[in-house]
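Enquirer: Put chain B on the given structure of chain A with help from the hints.
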Amino acid sequence: MKYAFVKTYKPVLDDAPYRSFDTMADYRDWCQKNLPDWLGYGRTV
Amino acid sequence: MAGRFDYAQAEEIKVAFARFDVRYLFIGKSGAVLLGYPDTTQDADLFVEKSAENGQGCVGALRALGFELSEATEEEIRRGKDFVQLKNGPFDLDLVFAPDGIESFAVAWKNRVDTEGFPVCHPDDIIRSKEAAGRAKDIESLPRLRAFRDYWKAQR
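Read top to bottom, the protein sequences are chains A and B.
The numbering used here numbers the first residue of the first sequence as 1 and each following residue consecutively.
The numbering used here numbers the first residue of the second sequence as 1 and each following residue consecutively.
So that you can see chain A by itself, here it is in the shape it has in the complex (with noise of 0.2 Å):
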């Protein structure tokens, strides 16, 4: 368990120190959005 974290770089997500949203429904739909498919952050229902 110790080693189970690592760390690659995440195109979009990572380009910035810091986001905020004020509903998580924001959120998802920024993901949604911007980011690449394959990231997986997108709604699939």
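FYI, nobody ran anything at the bench for these hints, they're computed from the structure.
Please note that the accuracy of each hint is not assured.
Stated by the list, open to error - To give a feel for the contact side, a few chain B residues facing chain A, derived at Cβ under 7 Å:
#: 1; residue: 42
#: 2; residue: 82
#: 3; residue: 85
#: 4; residue: 87
#: 5; residue: 100
#: 6; residue: 110
#: 7; residue: 113
#: 8; residue: 137
#: 9; residue: 142
Stated by the list, open to error - List time: in silico PhoX-like cross-link candidates among lysine-lysine, alpha-carbon distance up to 20 Å:
#: 10; chain 1: A; residue 1: 7; chain 2: B; residue 2: 137
#: 11; chain 1: B; residue 1: 137; chain 2: A; residue 2: 33
#: 12; chain 1: B; residue 1: 87; chain 2: A; residue 2: 7
#: 13; chain 1: B; residue 1: 87; chain 2: A; residue 2: 10
#: 14; chain 1: A; residue 1: 10; chain 2: A; residue 2: 33
#: 15; chain 1: B; residue 1: 14; chain 2: B; residue 2: 110
#: 16; chain 1: B; residue 1: 137; chain 2: A; residue 2: 10
#: 17; chain 1: B; residue 1: 110; chain 2: B; residue 2: 50
Positions of the beta carbon are idealized from the N, C-alpha and C atoms, including for glycine.
Expert: Chain B in isolation, oriented as in the chain A frame:
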């Protein structure tokens, strides 16, 4: 890009948040990994109780951990915006004040699991939150998370 998140940093979170009396829970995959789920994660996800006092403690703890916080960011944390994502510290950290699929912090706190001193959301709550989020990465991991939850329960 911040450095990788590792177990030692989870311990640093535990110490700093205890020092500032912050009420929080590890949630998401970082929480599951702390319970023994064999997978990897790139950040820590913390479910923080939303209150001005707890937010103020959270700000102090984050500063102690080495996160750079502007006054505006501090205010947002004190106010408890639903989601705050920090990538300007020693590791990536998501502060979640209202995770999908979980009724309230009080309910999650009541259900929590303490493991090696880490306050962690119950696996059922981690699963509920991922089910409600419905992201592709969550859908991929849910079958194995559910199987882990069943194994974890059988061992207790």
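Enquirer: Under the constraints set out in the numbered hints, which ones does this structure not fulfil?
Expert: Of the numbered hints given earlier, those the structure breaks are 6, 7 and 9, listed in rising order.
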